[in-house]
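**Student:** Assemble the whole structure, with the sequences as input and the hints as a guide.
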Amino acid sequence: MIWVNAIVQGLLLGGLYALFACGLSLMFGVMRIVNLAHGDIAVLAAFLAYSTISFTRVGVLGATLIVLPVFAVFGYLVQSGMLSPALKVGPLSTLLATFGLSIVIQNALQQGYSADTRALNVGSLVSASLHISGQISVAYLSLITFGLAVVVLVALQLFLSRSSTGRIMRATADDPEAATLSGANARHVYGIATAIAFATVALAGLMFAMQSSFSPSIGPTRLLFAFEAVVIGGLGSLWGTLVGGMVLGLAQTLGAQYNPAFTLLAGHIIFLAVLAFRPQGLIAARRTA
Amino acid sequence: MTAAVLTVRRGGRTSVWTALGSAVVVAVLAYLPYAVATSVTGTIVTFLELLAMASMWNLLAGYAGLVSVGQQAYVGLGAYSVLQLSDWGVPPYVGVFLAAVVCALIALPTSLLAFRLRGDYFAVGTWVIAEVYHLVMTQDRALGGGSGRALTTLSGLDPVLRQAITYWVALAVCLLSVLGCDLLLRGLLGLALTAVRDDEVAARGAGVSVGWAKRVVYLVAAAGTGAAGGVILVSQLNVAPDSIFSVQFTAYMIFIVVVGGIGTLEGPVLGAIVFIVIQQLFAGAGVWYLILLGALAVVVAIRLPYGLWGTVSRRFGIRLFNVGYTVRGLDKNP
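Each protein sequence line maps, in turn, to chains A and B.
Those letters in the first sequence? Residues 1 to 289, by my numbering.
Those letters in the second sequence? Residues 1001 to 1334, by my numbering.
Quick caveat, the hints were computed from the structure, so don't treat them as lab data.
You may find that some hints are simply not true.
[Stated by the list, open to error] In silico SDA-like pairs for lysine to any residue, Cα to Cα no more than 25 angstroms straight-line:
#1 A:LYS88 / A:VAL150
#2 B:LYS1214 / A:SER127
#3 A:LYS88 / B:VAL1016
#4 A:LYS88 / B:ARG1303
#5 A:LYS88 / B:ARG1197
#6 A:LYS88 / B:LEU1308
#7 A:LYS88 / B:ASP1182
#8 A:LYS88 / B:ALA1202
#9 B:LYS1214 / B:GLY1065
#10 A:LYS88 / A:ALA155
#11 B:LYS1214 / A:GLY90
#12 A:LYS88 / B:TYR1306
#13 A:LYS88 / B:LEU1105
#14 B:LYS1214 / A:VAL89
#15 B:LYS1214 / B:LEU1296
#16 B:LYS1214 / B:ARG1303
#17 B:LYS1214 / A:PRO279
#18 A:LYS88 / A:TYR140
#19 B:LYS1214 / B:LEU1105
#20 A:LYS88 / B:ARG1314
#21 A:LYS88 / B:TYR1121
#22 B:LYS1214 / B:SER1235
#23 B:LYS1214 / B:LEU1098
#24 A:LYS88 / B:ASP1199
#25 A:LYS88 / A:ARG187
#26 B:LYS1214 / B:ALA1295
#27 A:LYS88 / B:LEU1098
#28 B:LYS1214 / B:LEU1237
#29 A:LYS88 / B:VAL1040
#30 B:LYS1214 / B:ASN1238
#31 A:LYS88 / B:LEU1296
#32 B:LYS1214 / A:PRO91
#33 A:LYS88 / B:PHE1122
#34 B:LYS1214 / B:ALA1203
#35 A:LYS88 / A:GLY183
#36 B:LYS1214 / B:ASP1182
#37 A:LYS88 / A:ALA179
#38 A:LYS88 / B:GLU1200
**Tutor:** Shown next, in the form of structure tokens:
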């Protein structure tokens, strides 16, 4: 029964990882940028929500509604102010620029908030859970996170396949020059992609911060989890990302059940195993994004 | 009428002066432990470690296009190799050089996995692999587990002598790394890498074994970085997994190489000098110094893609290390 519980928790944890990962996947798919500050953006969002709540007393939901648009705008600005010029220089520059951003965010948070761990207070919701049977009970927060992940993935899928902006985004991803010749504003499209990526990872950061404690230094680990979820699932496939997140979450909770010291290691090993035996990912994309 | 005589050769007067100048600098550096306080040599040891690591990262990223964010794996493995070898009776100063061999051996199977990823994904993939080595080392109780351990086999030495030997070992590792890059790039491998950098498909077509060239570079970089990690252990005398496997080491390497000038052998030297000066000036300012480094990296990545040395070199056509060829005689009219 303990193991069944671990499986259920692991699968639900996958929702959180997918939420972390979809922005990373989108930015890579559209601009070929791996944002090394991805995890730090999530942590920054958590701290912003923390401060918003303590200064204005708006509550977690209110803080979320404030933080997400702020991060969408922040994403657009980072794209046009930093990533866009870096893209012109070359692929190495974007990597370096985002790495620099990561170091700046981490240390600025450390300076502003100290290295202490904090948590977002969600009142009684933090411990409320759905009792299923025996030793299995599922926290409402995990369920909400998983549900949000599915909603975000469906919305992204619909946005990319149905909306005209989504179509232009796919066209720009396939061939930026041809798309620009046909009238697409690549810079604007990239800005929107980054805005979406930042908003989703901010949401992931907030959901994470409601469930566990956070500190300025945890960003890089979140980036690695997101990255692992993307690669395990298969590059360029949004549903693959959800599957990848669930496999990663499963590996971690099962590893933790066996020995808490193996939590992270089990996840990394699954990732390496996929890399070794199925480098295209569990769910290969129909179209190479 | 005489036909134009084109001669192709390496370098010229500048490279002779570079060799002479470097020899003088190295001789002065080697003499320093007799002349200055240990606090000064201690700072120079840090500089030499960083320069060795940065030269290796430059070889990886600047010449082979392998942008790794996981070189801290070899810093840590190098340090732990020295510790393990010393437990087995190998003197740590010898261990530093054996650590290079150990790291190259570990890098071989690692490259099989890491090379499945390309470009930016290679960068993050190597980071994950470094985390795996980090987590595995925390499980090794004999080597101190999660809290780390001290290197005790050097405690019998007189501290002044110990610091002097550490300094010379650091100097040797750094020289081997920088000269190793120079020699490697002058040879067939350098030619292959240049071809790959310019056009990978064309290079393949011309019969360059791209995979081989990149793998050799990866192994060499692991070896050099591992030796530098070994030097860190013999200078600090203790090791903790969380700090020795910190991604900060790779951040420093990247900063030094990018600010100095990626893809040039002179760049890392200049970058390491800039880095150590900033570190000495702002060490008291805590994290502000890291914020400054991060911000500087962003600015350089966007505004100065060739780095300080690359910009100077392009403008004035100076190369101190001549790994390329110069064609002479083109300017003379027949």
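**Student:** Take the hints in turn and mark each one as holding or not.
**Tutor:** Here is how each hint holds up against the structure:
1. A:LYS88 / A:VAL150: Status violated; Cα separation ~35 angstroms.
2. B:LYS1214 / A:SER127: Between LYS1214 of chain B and SER127 of chain A the Cα gap is close to 52 angstroms, so the pair fails against 25 angstroms, i.e. violated.
3. A:LYS88 / B:VAL1016: With Cα atoms ~38 angstroms apart, LYS88 of chain A and VAL1016 of chain B exceed 25 angstroms; violated.
4. A:LYS88 / B:ARG1303: At roughly 11 angstroms apart (the allowed maximum being 25 angstroms), ARG1303 of chain B and LYS88 of chain A satisfy the hint.
5. A:LYS88 / B:ARG1197: holds (18 angstroms)
6. A:LYS88 / B:LEU1308: holds (19 angstroms)
7. A:LYS88 / B:ASP1182: Between LYS88 of chain A and ASP1182 of chain B the Cα gap is close to 30 angstroms, so the pair fails against 25 angstroms, i.e. violated.
8. A:LYS88 / B:ALA1202: holds (24 angstroms)
9. B:LYS1214 / B:GLY1065: holds (8 angstroms)
10. A:LYS88 / A:ALA155: Given pair LYS88 of chain A, ALA155 of chain A is violated - Cα atoms ~30 angstroms apart, limit 25 angstroms.
11. B:LYS1214 / A:GLY90: Distance of about 20 angstroms is within 25 angstroms: holds.
12. A:LYS88 / B:TYR1306: holds (14 angstroms)
13. A:LYS88 / B:LEU1105: violated (38 angstroms)
14. B:LYS1214 / A:VAL89: holds (23 angstroms)
15. B:LYS1214 / B:LEU1296: violated (29 angstroms)
16. B:LYS1214 / B:ARG1303: violated (28 angstroms)
17. B:LYS1214 / A:PRO279: With a Cα-Cα distance of about 20 angstroms, the restraint between LYS1214 of chain B and PRO279 of chain A holds, given a limit of 25 angstroms.
18. A:LYS88 / A:TYR140: Roughly 45 angstroms separates the two Cα atoms, so the pair is violated.
19. B:LYS1214 / B:LEU1105: holds (15 angstroms)
20. A:LYS88 / B:ARG1314: holds (19 angstroms)
21. A:LYS88 / B:TYR1121: holds (20 angstroms)
22. B:LYS1214 / B:SER1235: Cα-Cα ~31 angstroms, so violated.
23. B:LYS1214 / B:LEU1098: holds (23 angstroms)
24. A:LYS88 / B:ASP1199: Holds, at roughly 19 angstroms.
25. A:LYS88 / A:ARG187: holds (11 angstroms)
26. B:LYS1214 / B:ALA1295: violated (31 angstroms)
27. A:LYS88 / B:LEU1098: violated (43 angstroms)
28. B:LYS1214 / B:LEU1237: violated (34 angstroms)
29. A:LYS88 / B:VAL1040: violated (42 angstroms)
30. B:LYS1214 / B:ASN1238: Roughly 33 angstroms between the alpha carbons, so the hint for LYS1214 of chain B and ASN1238 of chain B is violated.
31. A:LYS88 / B:LEU1296: Holds - the C-alpha atoms of LEU1296 of chain B and LYS88 of chain A are around 18 angstroms apart, at most 25 angstroms.
32. B:LYS1214 / A:PRO91: holds (18 angstroms)
33. A:LYS88 / B:PHE1122: Holds - the C-alpha atoms of PHE1122 of chain B and LYS88 of chain A are around 21 angstroms apart, at most 25 angstroms.
34. B:LYS1214 / B:ALA1203: holds (13 angstroms)
35. A:LYS88 / A:GLY183: Between LYS88 of chain A and GLY183 of chain A the Cα gap is close to 19 angstroms, so the pair holds against 25 angstroms.
36. B:LYS1214 / B:ASP1182: The hint holds at about 16 angstroms.
37. A:LYS88 / A:ALA179: holds (17 angstroms)
38. A:LYS88 / B:GLU1200: Roughly 21 angstroms between the alpha carbons, so the hint for LYS88 of chain A and GLU1200 of chain B holds.
The earlier numbered hints that this structure contradicts are 1, 2, 3, 7, 10, 13, 15, 16, 18, 22, 26, 27, 28, 29, 30.
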